[in-house]
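J.: Those protein sequences? They're chains A and B, same order as listed.
End of the first sequence sits at 448 in the working numbering; the numbers just go up one at a time, nothing left out.
End of the second sequence sits at 448 in the working numbering; the numbers just go up one at a time, nothing left out.
Treat the hints as calculated values from the structure; they're not laboratory data.
Hints may be right or wrong, so weigh each one.
Unchecked claim - Computed far set for chain A versus chain B, every beta-carbon distance over 12 angstroms:
(1) L81
(2) L116
(3) E343
(4) S374
(5) T429
(6) A433
As the list claims (entries may be wrong) - What the simulated footprint calls covered on chain A by chain B, stretch by stretch (three residues with Cβ under 8 angstroms from a Cβ of chain B suffice, anywhere in the stretch; the number is not a length):
(7) 36-42
(8) 89-96
(9) 102-111
(10) 229-237
(11) 247-258
(12) 384-396
What the hints assert, rightly or not - Here are the simulated DMTMM-like cross-link-like pairs (lysine to aspartate or glutamate), alpha carbons at most 25 angstroms apart as the crow flies:
(13) K345/B to D232/A
(14) K40/A to E30/A
(15) K439/A to E444/B
(16) K439/A to D208/B
(17) K40/B to D320/A
(18) K245/B to D208/B
(19) K345/A to E372/A
(20) K150/A to E372/A
(21) K345/B to D307/A
(22) K40/B to E25/B
(23) K239/A to E54/B
(24) K245/A to D208/A
(25) K150/B to E415/B
(26) K439/B to D320/B
(27) K345/A to E54/B
(28) K345/A to E415/B
(29) K239/A to D263/B
(30) K239/A to E444/B
Cβ coordinates follow ideal geometry from the N, Cα and C atoms, glycine included.
In case you want the letters, here they are:
2 protein chains.
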Amino acid sequence: MKINPFSSPLLADLYQFTMLQSYLEQGMQETAVFELFIRKLPPGRNFMVAAGLEQVLDFLENLQFSAEELSWLATRFRPPLIDYLERFHFIGDVHAMPEGTLFFPNEPILRITAPLPQAQLIESRIINILHFETLIASKAARSVLVAPGKLLVDFGMRRAHGAEAALLAARASYLAGFSGSATVLAGALYGIPLYGTMAHAYIQAHADESMAFEHFARSNPNNVVLLIDTYDTEAAAGKVVELAKRLQTEHIHIKGVRLDSGDLAAHAHNVRRILDQGGLQSTAIFASGNLDEYRLQTLLGSGAPIDGFGIGTALDVSIDAPALDCAYKLQEYAGKARRKRSEGKATWPGRKQVYRYYAPQGEMSHDVVALEDSDPCEGEPLLVPMMLAGQRIHRTRPLQEIRQQTLARYVRLPESLTELETTTHYPVTISPALQALAKQLDDEAMTH
Amino acid sequence: MKINPFSSPLLADLYQFTMLQSYLEQGMQETAVFELFIRKLPPGRNFMVAAGLEQVLDFLENLQFSAEELSWLATRFRPPLIDYLERFHFIGDVHAMPEGTLFFPNEPILRITAPLPQAQLIESRIINILHFETLIASKAARSVLVAPGKLLVDFGMRRAHGAEAALLAARASYLAGFSGSATVLAGALYGIPLYGTMAHAYIQAHADESMAFEHFARSNPNNVVLLIDTYDTEAAAGKVVELAKRLQTEHIHIKGVRLDSGDLAAHAHNVRRILDQGGLQSTAIFASGNLDEYRLQTLLGSGAPIDGFGIGTALDVSIDAPALDCAYKLQEYAGKARRKRSEGKATWPGRKQVYRYYAPQGEMSHDVVALEDSDPCEGEPLLVPMMLAGQRIHRTRPLQEIRQQTLARYVRLPESLTELETTTHYPVTISPALQALAKQLDDEAMTH
């Protein structure tokens with residue numbers, strides 16, 4: 001079957017189609033409002049970084065069913081649903097926090113306003129995109145905060161969960177402040193700066209390590225970063241110094257060396273000394289190998305002379321928190337606010353806005369979650385219109401610009417929220433009118 | 001740029017291309033042998049289930065560079081590399097464990113034999129596929145083993161890491177013994193059985209819960225599974241009994257109810273009693289909501305009358321072990337065995353085979369990792385030829401058949417390996433000839 005798994009509308013849960021069949025038969029096509037939010041922060045996170053909106057808008061703009069997809073669906077669902085899907089294009093509104101916005105639990109980061117079957121159909125894929133990019137951007141932010149001024153590169157493609165995860169992890173980590181990625185496709189599709197050196201196999205395939213270094217330098221004279229831990233790290237650093245002398249007349253500069261195993265701090269000190277004594281003060285030391293923000297903090301705290309880090313698996317799978325407790329919930333239908341009251345999973349009803357307040361010096365002080373219409377607040381409204389009647393209302397922002405704005409937002413975080421090992425609760429309050437609405441709906445249900 | 005991110009050969013690390021440029025310039029195109037293996041089991045796993053080979057073979061068969069991809073590369077690399085890539089098609093051999101094979105650390109599950117630049121180019125994407133599907137199949141196996149005879153459904157699409165992860169998690173969990181998935185695309189592309197009910201939004205959008213149930217039943221008369229925890233679970237079970245009476249004359253049967261929150265065991269007991277007293281003994285109880293193999297074991301151990309489970313996030317992100325310590329390493333080049341000796345990451349050199357031995361009753365007893373040529377063993381060889389000179393040598397096996405064979409393999413696992421909370425080391429030994437080769441290479445390096 002000719003189906004593009006990246007964009008197929010069959011990337012949905014079966015219940016979306018069974019519900020749609022019923023909504024259509026019951027004529028339930030009035031306006032629904034769904035909001036996406038996280039219920040709580042995962043352990044070890046003090047804030048989240050919103051990411052993935054660009055892919056969501058792209059998905060909504062291009063959502064349509066191919067002939068193959070319709071004929072497959074026709075073997076399982078009745079003609080009225082198939083006819084509806086054949087003519088489907090998204091006509092709803094999207095309000096959302098811009099990518100790179102810092103946010104907290106119970107704050108909607110995306111609101112969909114659309115006919116009920118439309119808003120229901122898109123549920124799973126919207127969550128799938130926003131959940132993952134937000135997860136990775138929020139993980140990446142922690143490394144950015146503990147290693148200011150260092151080169152940080154996403155090395156995680158191989159252990160990311162499939163093709164799209166690899167690509168979007170590069171995007172989300174760059175958006176959150178990383179310097180770039182090793183994933184070539186992320187460079188080609190998103191213009192993300194690319195970094196790369198060589199694998200151990202490159203060294204091993206040569207009979208001699210020095211010769212491997214020299215071959216690599218001559219073939220890639222503008223990007224000479226040599227992997228020096230295949231056999232003996234310090235001995236290899238000595239070979240790098242010798243090579244630099246041989247290459248001097250050709251004006252080939254050895255940009256850096258990479259350490260990938262053993263005691264990185266100890267090796268970095270030794271290698272720095274060997275390089276400096278050999279006149280290679282400007283050759284940088286780059287480290288990789290099971291790194292995460294905690295190891296970065298330890299390495300930099302100990303004064304290890306490391307200039308850049310490749311962070312792979314821990315970043316691309318968000319290893320200490322590989323999923324978020326997020327939900328996409330119906331908050332209003334046909335003009336009436338709705339509330340789910342399942343045990344431990346009750347939601348705040350109605351169309352909401354999030355207002356952010358700042359201290360006089362510019363630092364974030366607190367947020368208020370309020371009803372959009374009846375509950376005016378003076379803070380900065382975080383949800384803004386992104387798509388109206390199925391049309392995007394802003395041009396795609398350059399990723400570099402989003403990244404700069406994200407970095408600027410970190411500066412306004414209260415300092416305790418930037419620390420890795422402190423759990424700090426940023427104050428988010430529910431407005432009185434919203435609390436009253438929730439109570440009113442509960443009371444109505446009791447007397448129903 | 002028109003690039004399909006699922007199949008683009010730019011889904012690679014930058015260093016693959018920098019190394020290729022150098023290999024080509026140095027004429028290093030002799031035969032290389034790379035093997036993929038895991039270094040150690042993650043905590044809480046006693047064995048792994050190999051999965052993803054089908055997607056790897058598909059990737060290798062179709063690997064080629066489009067005009068857009070070549071022109072992007074041409075802005076960064078020199079003409080000889082671009083010419084080479086323009087003509088690229090994979091001509092190597094693949095030996096691998098069939099999907100569903102149970103395996104252990106240090107056992108190669110895939111071996112690539114190809115000209116060095118070819119074997120190097122494919123590294124990252126091959127790991128990306130095999131790592132993820134193996135991760136998920138190995139996680140899924142644990143639920144299958146603790147819940148024999150129960151309906152197990154993958155519910156994880158929304159929190160899987162992107163589109164491909166959602167799709168391949170459905171495939172890998174089915175291959176490992178799950179009953180099916182909620183992900184429609186997995187049904188359309190792989191023929192995986194689909195299951196689905198309704199969301200809370202469906203109930204909330206109706207003014208009345210009973211009416212929601214009735215509408216759903218009439219719209220989906222052959223698949224009436226009703227979500228009963230939106231407001232009050234036991235009250236909703238009573239409404240299901242009333243509805244069943246109204247639907248009786250129309251021969252619409254209520255197949256099941258779904259619990260998604262609260263104390264699932266307590267609700268299941270209450271609901272079972274209400275359904276039975278209402279004459280609905282054949283209506284099944286299906287549970288979901290933050291489930292994993294540990295909660296299944298507890299629920300079933302306590303005698304909770306639950307017939308099936310939807311397992312979502314914990315499965316699709318392999319939440320307790322979201323990554324494996326796996327590697328794809330050069331073991332031979334130009335006829336000579338190679339060994340990486342990096343601290344803590346040394347490899348077993350040469351082309352290897354894994355032999356499995358069984359006890360007389362059929363139970364697995366131990367494995368031996370040996371050199372393929374010089375080290376004949378009598379056990380069952382686990383690596384078999386899958387592709388020769390770039391051509392697949394077997395037809396794609398039906399997924400249902402792979403699943404049946406996987407289930408049959410579980411029966412031969414030593415019982416201690418099937419327990420969730422016991423860490424048991426299955427014996428894997430390194431053959432004397434392989435140990436001798438490793439020592440010989442180390443000795444040569446010392447005197448070098």
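J.: Look at each hint and say if it fits the structure.
T.: Here's how the hints hold up against the structure:
1. Not every beta carbon of chain B lies more than 12 angstroms from that of L81/A, the smallest distance being close to 9 angstroms; the non-interface claim is violated.
2. With a least CB separation of 6 angstroms from chain B, L116/A falls inside the 12 angstroms interface cut-off, contrary to its annotation.
3. At roughly 4 angstroms, the least C-beta separation between E343/A and chain B is not larger than 12 angstroms, which violates its mark as non-interface.
4. The beta carbon of S374/A is kept farther than 12 angstroms from every beta carbon of chain B, the shortest such distance being approximately 21 angstroms.
5. For T429/A, the shortest C-beta to C-beta distance to chain B comes to about 25 angstroms, beyond the 12 angstroms cut-off, and the non-interface label holds.
6. No Cβ of chain B approaches the Cβ of A433/A within 12 angstroms, the least distance being about 21 angstroms, so the stated non-interface status holds.
7. A stretch counts as covered by a chain when three or more of its residues have a beta carbon under 8 angstroms from one of that chain; for the region 36-42 of chain A and chain B the count is 0, and the coverage is violated.
8. Coverage of the region 89-96 of chain A by chain B is violated in this model, with 0 residues showing a Cβ closer than 8 angstroms to a Cβ of that chain against a need of three.
9. Residues of the region 102-111 of chain A with a Cβ under 8 angstroms from some Cβ of chain B number 0, which does not satisfy the need for three, so the listed coverage is violated.
10. With a threshold of 8 angstroms between beta carbons, the proposed coverage of the region 229-237 of chain A by chain B holds, since 3 of its residues qualify and at least three are required.
11. Under the rule that three or more residues need a Cβ within less than 8 angstroms of chain B, the assignment of the region 247-258 of chain A is violated, with 0 such residues.
12. Residue count for the region 384-396 of chain A with a Cβ under 8 angstroms from a Cβ of chain B: 0. That is fewer than the three needed, and the coverage hint is violated.
13. Restraint check: the Cα-Cα separation between K345/B and D232/A comes to about 13 angstroms, which is no more than 25 angstroms; the hinted pair holds.
14. Of the supplied pair hints, the one linking K40/A and E30/A is violated, its CA atoms being roughly 31 angstroms apart against a limit of 25 angstroms.
15. Of the pairs offered as hints, the one joining K439/A and E444/B is violated, with about 78 angstroms between alpha carbons and a cut-off of 25 angstroms exceeded.
16. In summary, the hint linking K439/A to D208/B is supported, as the alpha carbons are separated by about 19 angstroms, within the 25 angstroms threshold.
17. Simply put, K40/B and D320/A have alpha-carbon atoms about 19 angstroms apart, close enough for the 25 angstroms limit, and the pair holds.
18. Distance hint between K245/B and D208/B is fulfilled; the C-alpha atoms sit about 18 angstroms from each other, no more than 25 angstroms.
19. About 22 angstroms separates the Cα atoms of K345/A and E372/A, which keeps this hinted pair within 25 angstroms; it holds.
20. A distance of roughly 41 angstroms separates the Cα atoms of K150/A and E372/A; the hinted pair therefore is violated under the 25 angstroms criterion.
21. Proximity of K345/B to D307/A is assessed by CA-CA distance (about 24 angstroms); at most 25 angstroms being required, the pair is judged to hold.
22. Straight-line distance between C-alpha atoms of K40/B and E25/B comes to about 37 angstroms, which puts the hinted pair past the 25 angstroms bound.
23. For the hint linking K239/A to E54/B, the alpha-carbon distance of about 43 angstroms lies beyond 25 angstroms, and the restraint is violated.
24. Distance hint between K245/A and D208/A is fulfilled; the C-alpha atoms sit about 18 angstroms from each other, no more than 25 angstroms.
25. This hinted pair checks out: K150/B and E415/B have alpha carbons roughly 20 angstroms apart, not beyond 25 angstroms.
26. Between K439/B and D320/B the alpha-carbon distance is near 37 angstroms, which puts this suggested pair outside the 25 angstroms criterion.
27. Under the criterion of a C-alpha separation no larger than 25 angstroms, the hint pairing K345/A with E54/B is inconsistent with the structure, at around 40 angstroms.
28. For the proposed pair K345/A and E415/B, the alpha carbon gap of about 39 angstroms is over 25 angstroms, so the pair is violated.
29. Annotation: proposed proximity of K239/A to D263/B is violated, straight-line Cα distance about 64 angstroms (limit 25 angstroms).
30. Taking the CA atoms of K239/A and E444/B, the gap is near 19 angstroms; set against the 25 angstroms cutoff, the hint holds.
Hints 1, 2, 3, 7, 8, 9, 11, 12, 14, 15, 20, 22, 23, 26, 27, 28, 29, counting from the list given before, are not met by this structure.
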